[in-house]
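Residues in the sequence shown are numbered from 1 upward in steps of one, following UniProt numbering.
Hints may contain errors.
[What the hints assert, rightly or not] Below, in silico cross-link-like pairs of lysine to aspartate or glutamate (EDC-like), each with a Cα-Cα straight-line distance of 16 Å or less:
(1) K677 to E530
(2) K429 to E688
(3) K519 to D597
(4) K52 to E443
(5) K583 to E656
(6) K583 to E530
(7) K456 to E656
(8) K516 to E443
(9) K516 to E603
(10) K456 to D594
(11) K519 to E656
(12) K516 to D594
(13) K583 to D537
Rather than coming from a laboratory, the hints here were simulated on the basis of the structure.
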Amino acid sequence: MSTNTHAGLDTLFAGVDSQSPEAETAIGVPQVPIAEDAPASLPLLGTASLRKHRRRLFILICLGSLLFLSSLIYGFWKARENEKPFHVAHEAQVNAQHLYNLVMHAWMGDGYWSEIISTAEVLNRQIDALAAIPNAGPVLQARGSLANDAKRVSQLRHVLQAREAVFTRIQRQADALRTAAAPLLEEGSISSTDVAAINSLLLTFKSLAGTALFNYLELGELNTSSNESVTRAITNAMRAAHQVQSSRDPRVMNLSHGLFEMLQDTQHALEAQLASLQEINAARDSVRALRLHAETLLQPLEGLTSHLASRLGLQWPYVLSSLLGMALVALASILMARTYTIDSRRRFVQVENQQIEATQREQEAKRLNDANQAAILRLMNELLLIAEGDLTQETTVTEDITGAIADSINYTIEELRQLVGSVQESANKVTSTTLAVDATSTELLAASTEQLREIKDTGSSILEMARRINAISDSAQESAQVARQSREAAESGLRAVQDSIGGMNAIRAQIQESSKRIKRLGESSQEIGEITELISDITEQTNVLALNAAIQAASAGEAGRGFSVVAEEVQRLAERSGDATRKIAELVRTIQSDTHDAVVAMERSTQGVVEGATLADRAGVQLTEIDQVSRQLSSRVEQISDVAAREATLANQVAENMQHIFAVTEQTSEGTRSTSKQVRELSHTAQELLQSISRFKLQ
1 MSTNTHAGLD
11 TLFAGVDSQS
21 PEAETAIGVP
31 QVPIAEDAPA
41 SLPLLGTASL
51 RKHRRRLFIL
61 ICLGSLLFLS
71 SLIYGFWKAR
81 ENEKPFHVAH
91 EAQVNAQHLY
101 NLVMHAWMGD
111 GYWSEIISTA
121 EVLNRQIDAL
131 AAIPNAGPVL
141 QARGSLANDA
151 KRVSQLRHVL
161 QAREAVFTRI
171 QRQADALRTA
181 AAPLLEEGSI
191 SSTDVAAINS
201 LLLTFKSLAG
211 TALFNYLELG
221 ELNTSSNESV
231 TRAITNAMRA
241 AHQVQSSRDP
251 RVMNLSHGLF
261 EMLQDTQHAL
271 EAQLASLQEI
281 NAARDSVRAL
291 RLHAETLLQP
301 LEGLTSHLAS
311 RLGLQWPYVL
321 SSLLGMALVA
331 LASILMARTY
341 TIDSRRRFVQ
351 VENQQIEATQ
361 REQEAKRLND
371 ANQAAILRLM
381 NELLLIAEGD
391 LTQETTVTED
401 ITGAIADSIN
411 YTIEELRQLV
421 GSVQESANKV
431 TSTTLAVDAT
441 STELLAASTE
451 QLREIKDTGS
461 SILEMARRIN
471 AISDSAQESA
481 QVARQSREAA
491 ESGLRAVQDS
501 IGGMNAIRAQ
511 IQESSKRIKR
521 LGESSQEIGE
531 ITELISDITE
541 QTNVLALNAA
551 IQAASAGEAG
561 RGFSVVAEEV
571 QRLAERSGDA
581 TRKIAELVRT
591 IQSDTHDAVV
601 AMERSTQGVV
611 EGATLADRAG
621 VQLTEIDQVS
631 RQLSSRVEQI
641 SDVAAREATL
651 ANQVAENMQH
661 IFAVTEQTSE
671 GTRSTSKQVR
681 ELSHTAQELL
691 QSISRFKLQ
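My request is simple: use the sequences and hints to build the entire structure.
Structural data, given as structure tokens:
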């Protein structure tokens, strides 16, 4: 009841607040408007309204920002455009230096012809790209016929490579000779004459390599007499190699023969170059021209790169224009702030006027609130009796602000009086009905409890019977499993015995075959012994002959020294052969003894295998009878297991049905208890409802 009272008071005060603007309007104090259109004076802009000043300053800020951004964007774009020719000029300078280095390496015989041609072509394209630059004139003049020279080198590259291959072959031959001769000289197994010949050959090839290198690096024009020094050096080397071929050492002879053939091939290749001297000279001229062009281009490219480097970055005209834009934006922003300062001062004056007006309105509102509060206090005093439960009271309806509220409260009291009467009548009916239902629920609960006990006893008996039947079924299944295992064991034993019989027969056959082979091995070892005795006799005769040869060689003096060495070697071989023959004879005797023992052991094994096979046959017959009995037993036990399993299934189904009946009965009993509890709670609730409305006074 107090909550409704507070809600009514809130609504009442809200109505009072809503009337205050009307009271303020009724006072009619004039309001001072914000004069944005009033004139104001600003530096550089003169006198105008604040709205016009702000519009002009906004335009100035946009123009300054546009000038600042456009100057920066165009300046950076121009800087990026200047970077492109700078990078091209720098790469051209690097390629010119690289081309110069490549030509120098190629002139020294290091190849690089393909890279020289590609670098020259790239450099020519880069210089073409620099042609549009105003200061690129010296670079274009220094380029000359770079493209034509590169093209000519590309066409005559095969001539230069062929010439380079000839002189490279000479250097490789000298290196190969040093590599092949080093082991011969270090071993010391060759004669002093061969050593001197090899050293002379090494010096000759060293001179040939130096002469070839000097001739290859010749810068002047080549003619028919340019290769005479190399030809003479090759001839001297061939003569030295031919002299080494007279050596008796086969390694030295093979070395000199291989060098002689390589020198002949080199001489033929050098003679073949005489037919292309004109092309070689033209190619060498083009290579020299490329080197000269590369060297000439270095200084102009360096100057052009330095000039382009000075144009990198943001230029000063764009910096000045961007600074001018920033200054314009700053000045306009300051003046814009000045307009807002003037506007804030004017608003401050307006706020002071509004405060005076608000004071006057507050006094009028206080008078109205005092009258409303008096009417509200009268209404609250009348509502106190109603809040205590006296519904016979009514509020006074007047013309004040609380008149409509009092009328509404009287209507609410009338409705509440009827509602409380209806609730008392309904609560009495609910109380009498719940008492009757509670008695019925108590009787039903007792009956369901007795029924649940009887069903529980019956279910326990059925479950015990099902458990015993299941135990019988499990025992029958275990017996069937044991019978199957017994049958499988009998079958496995029968198969094992049969396999054992087959294995013993195979072992007997293998033992007989092995016995035959061992006997043949004994016969072969006897033949080996006879051959060993023959070899021993030959060895003794060879030893005697070697001794006689050594005696004759010693009597021959210096002329028979070589024959004496051979005789000594033959004697040593004869002695070693005699030792080996004696060892072989001992091994043969050992093999013959082991062979005899093996034959005796195999005969005993054969007799044991025959006896084992006889016993295995008897065991197979007994296992066959066991298998038949096991099959009959397994069949009978499986029949018993099937019958027991069916009985166990039926018993389990009956037990499940009893469990279901038991569960349904428990649910019914639980529902009865819940109904009885709810009926008692409903009766208690009706009593509480009667107590809660008993404080209301209706008459």
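Now for the hints, and whether the structure bears them out:
no., hint, in the structure
1, K677 to E530, "violated, 123 Å"
2, K429 to E688, "holds, 14 Å"
3, K519 to D597, "holds, 11 Å"
4, K52 to E443, "violated, 98 Å"
5, K583 to E656, "violated, 94 Å"
6, K583 to E530, "holds, 14 Å"
7, K456 to E656, "holds, 13 Å"
8, K516 to E443, "violated, 108 Å"
9, K516 to E603, "holds, 11 Å"
10, K456 to D594, "violated, 90 Å"
11, K519 to E656, "violated, 83 Å"
12, K516 to D594, "holds, 14 Å"
13, K583 to D537, "holds, 15 Å"
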